[in-house]
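There are 4 protein chains.
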Amino acid sequence: MFITIQAKSQLPLYEQVVQQVKELVAKGILKEGEQLPSVRELAGQIVLNPNTVSKAYKELERQGVIMTLRGKGTFIAESSNRLVDPGKRDLIKEQLLRLVIEANYASITKNEFLTWVEAEYRALEGQKDEN
Amino acid sequence: MFITIQAKSQLPLYEQVVQQVKELVAKGILKEGEQLPSVRELAGQIVLNPNTVSKAYKELERQGVIMTLRGKGTFIAESSNRLVDPGKRDLIKEQLLRLVIEANYASITKNEFLTWVEAEYRALEGQKDEN
Amino acid sequence: MFITIQAKSQLPLYEQVVQQVKELVAKGILKEGEQLPSVRELAGQIVLNPNTVSKAYKELERQGVIMTLRGKGTFIAESSNRLVDPGKRDLIKEQLLRLVIEANYASITKNEFLTWVEAEYRALEGQKDEN
Amino acid sequence: MFITIQAKSQLPLYEQVVQQVKELVAKGILKEGEQLPSVRELAGQIVLNPNTVSKAYKELERQGVIMTLRGKGTFIAESSNRLVDPGKRDLIKEQLLRLVIEANYASITKNEFLTWVEAEYRALEGQKDEN
DNA sequence: GTGGTCTAGACCACA
DNA sequence: GTGGTCTAGACCACC
Numbered sequence: 019m020f021i022t023i024q025a026k027s028q029l030p031l032y033e034q035v036v037q038q039v040k041e042l043v044a045k046g047i048l049k050e051g052e053q054l055p056s057v058r059e060l061a062g063q064i065v066l067n068p069n070t071v072s073k074a075y076k077e078l079e080r081q082g083v084i085m086t087l088r089g090k091g092t093f094i095a096e097s098s099n100r101l102v103d104p105g106k107r108d109l110i111k112e113q114l115l116r117l118v119i120e121a122n123y124a125s126i127t128k129n130e131f132l133t134w135v136e137a138e139y140r141a142l143e144g145q146k147d148e149n
Numbered sequence: 019m020f021i022t023i024q025a026k027s028q029l030p031l032y033e034q035v036v037q038q039v040k041e042l043v044a045k046g047i048l049k050e051g052e053q054l055p056s057v058r059e060l061a062g063q064i065v066l067n068p069n070t071v072s073k074a075y076k077e078l079e080r081q082g083v084i085m086t087l088r089g090k091g092t093f094i095a096e097s098s099n100r101l102v103d104p105g106k107r108d109l110i111k112e113q114l115l116r117l118v119i120e121a122n123y124a125s126i127t128k129n130e131f132l133t134w135v136e137a138e139y140r141a142l143e144g145q146k147d148e149n
Numbered sequence: 019m020f021i022t023i024q025a026k027s028q029l030p031l032y033e034q035v036v037q038q039v040k041e042l043v044a045k046g047i048l049k050e051g052e053q054l055p056s057v058r059e060l061a062g063q064i065v066l067n068p069n070t071v072s073k074a075y076k077e078l079e080r081q082g083v084i085m086t087l088r089g090k091g092t093f094i095a096e097s098s099n100r101l102v103d104p105g106k107r108d109l110i111k112e113q114l115l116r117l118v119i120e121a122n123y124a125s126i127t128k129n130e131f132l133t134w135v136e137a138e139y140r141a142l143e144g145q146k147d148e149n
Numbered sequence: 019m020f021i022t023i024q025a026k027s028q029l030p031l032y033e034q035v036v037q038q039v040k041e042l043v044a045k046g047i048l049k050e051g052e053q054l055p056s057v058r059e060l061a062g063q064i065v066l067n068p069n070t071v072s073k074a075y076k077e078l079e080r081q082g083v084i085m086t087l088r089g090k091g092t093f094i095a096e097s098s099n100r101l102v103d104p105g106k107r108d109l110i111k112e113q114l115l116r117l118v119i120e121a122n123y124a125s126i127t128k129n130e131f132l133t134w135v136e137a138e139y140r141a142l143e144g145q146k147d148e149n
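Residue numbers (the numbering used here), protein chains in the order written: chain A, 19 to 149; chain B, 19 to 149; chain C, 19 to 149; chain D, 19 to 149.
Hint data in this document are derived by calculation from the structure and do not stem from the laboratory. A portion of the hints provided could be inaccurate.
On the chain B side, residues computed to face chain A include the following (Cβ under 7 Å) [to be verified]:
# : residue
1 : Val102
2 : Lys106
3 : Asn122
4 : Glu138
Heads up, the beta-carbon is just placed ideally off N, CA and C, and yes, glycines get one too.
Hey, can you work out the whole structure from these sequences and the hints?
Take a look at the structure:
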C-alpha cells in the first residue's frame with residue numbers, strides 16, 4: 019500500500035488515509051476482493067496511531083469502499099456496494115465553486131484549470147475498466 | 019450585501035463570510051473602494067456574533083481583499099494589493115484531485131464536471147471589467 | 019507645511035501629524051517662534067477632520083513642542099520648554115529591540131540597519147544648530 | 019518558556035507574546051522542531067485568557083515561525099518556512115525614522131543609539147549557529 | 001459611529 | 001490531551 023501521510027497538511031490524518039485508499043481503488047491499483055493490511059500493520063508502516071487508521075477504515079467501510087470480515091480481515095468491497103451520501107453532488111458543486119474562486123484569486127486561468135481537471139480524470143480512466 | 023450563512027455546513031461560519039465576500043468581489047458585485055457594512059451591522063443582518071464577522075474581516079484584510087480605515091470603516095481594496103499565499107497553487111491542485119476522485123465516486127462524468135467548471139468561470143468573467 | 023497623511027497606515031492620523039511636525043522641527047524646517055497654520059486651515063490642506071488636527075496640536079502642546087497664545091495662534095515653542103516623558107529612554111530602547119528583531123526576520127543585516135540609522139541622524143544634524 | 023507580560027504596555031497582550039516568542043527563536047533559545055507549551059498551559063503560566071494566547075499562536079503560525087500539528091501541539095517551524103510580509107522593509111525603515119526622531123527629542127546621541135543597535139544585534143548573533 | 005482587544009465559558013474534531 | 005470555533009459581553013482608541 020503506497021500511502022504517504024503529511025503531518026503538516028490541514029487535512030486530518032485519518033482523512034488522508036481515506037482519500038488515498040479511495041484514489042488507489044479508483045485508479046484500479048487496489049482491486050475488488052483484494053485484502054488490505056490490518057489496522058496495526060498499516061499503522062506501523064505509515065507511522066500513525068492505530069486509532070487513527072481504525073477511524074479511516076471505519077469511514078471507508080461506511081462508504082462501502084471496503085468491508086471487514088470478522089476474523090478474516092479487511093477487503094476491497096464490490097463497487098456495487100458503494101454508498102453515495104445524499105446531496106453529495108450539490109456538495110461537490112459547491113466545493114468546486116469555492117475552488118474556482120480561489121483559483122481565480124491565485125491567477126490560475128480557466129484553461130490551466132481545465133487542463134488539470136482533464137489530466138486528473140485521465141489518470142483515473144486509464145485503468146478503470148471495472149468501475 | 020447578499021450573504022447567507024448555513025449553520026449546518028462543515029465550513030466555519032467566518033470562512034463562509036470570507037468565501038462569499040471574495041465571490042462577490044470576484045464577480046464585480048463589490049467594487050474597489052466600496053464600503054462594506056460595519057462589523058456590527060453585518061453581524062445583525064446575518065445573525066452572527068460580531069466577533070465572528072470581525073474574524074472574517076481580519077482574514078479578508080490579511081489577504082488584501084479589503085482594507086480598514088481606523089474609525090471610518092471597511093472598504094474593498096485595490097486588486098493590486100491582493101496577497102496570494104505561497105504554495106496556494108499546489109494546494110488548489112491537491113484539492114482539485116480530491117474533488118475529482120469524489121466526483122468519480124459520485125458518478126459525475128468528466129464532461130459534466132468540465133461543464134460545471136466552465137459555467138463557474140464564465141460567471142466570474144461576465145462582469146469583471148475593472149478587475 | 020509639508021505634511022502628508024496616509025489613510026492606510028496603522029499609525030493613527032493624529033499621530034502622523036504629531037510625528038511630522040516633530041520631524042520638521044527637528045530638521046530645523048520649522049523654527050522657534052514660527053507660526054503654525056490654524057487647526058481649520060491645516061485640516062483643510064491635508065483633508066482631515068478638524069477634531070483630528072486639534073488632537074494632534076494638543077499632544078504637541080503637551081510635549082512642549084508648540085504653544086498656543088489665545089487669540090493669536092499657535093507657534094513653535096522654545097526647545098527649552100520641551101517635555102520628555104519619564105521612562106522615554108527605556109521605552110525607546112524597548113522599541114528598538116523589537117525593531118531589530120523584526121529587521122532580523124526580514125533579513126536586514128546589521129550593517130544595513132546601521133547605515134539607515136546613520137542616514138537618518140545625518141538628515142537631522144544637517145540643519146540642527148539650535149537644538 | 020520565559021515570557022513575561024506587562025499589562026500596562028501599550029502593546030496588545032497577544033502581540034507581546036508574539037514578539038517574545040520571535041525573540042526567543044531569533045536568539046536560538048527555542049530551536050526548530052521544539053514543542054511550545056500548549057495554549058492552555060502557557061495561558062496558565064502567564065495568566066492570560068487561552069483565547070489571547072491562541073491568537074498569538076495563530077499569528078506566529080501565519081508568519082511561519084511556528085506550526086501546529088492537529089491534536090499534537092505546537093512546534094517551532096523550520097526557518098525556511100518563514101514568511102516576510104511584502105513592504106516589511108519599508109515599514110521597518112519608517113518606524114526607524116520615527117524612533118530616531120523620538121530618540122533625538124529624548125537627547126539620545128547618535129553614538130548612544132548606534133551602540134544600542136550593535137548590542138542588540140550581537141545578542142541575536144551570539145547563539146545563532148543553526149539558523 | 002468605527003474596528004481592536006480581552007475575558008469567560010462552551011462545544012467540537014482530532015490524535 | 002491538543003487546537004479551532006463560536007458566543008456574550010465588556011472596554012478602549014480613533015474619527
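Now for the hints, and whether the structure bears them out:
| no. | hint | verdict |
| --- | --- | --- |
| 1 | Val102 | holds (5 Å) |
| 2 | Lys106 | holds (5 Å) |
| 3 | Asn122 | holds (5 Å) |
| 4 | Glu138 | holds (4 Å) |
Violation of the numbered hints given earlier is absent; every hint is satisfied by the structure.
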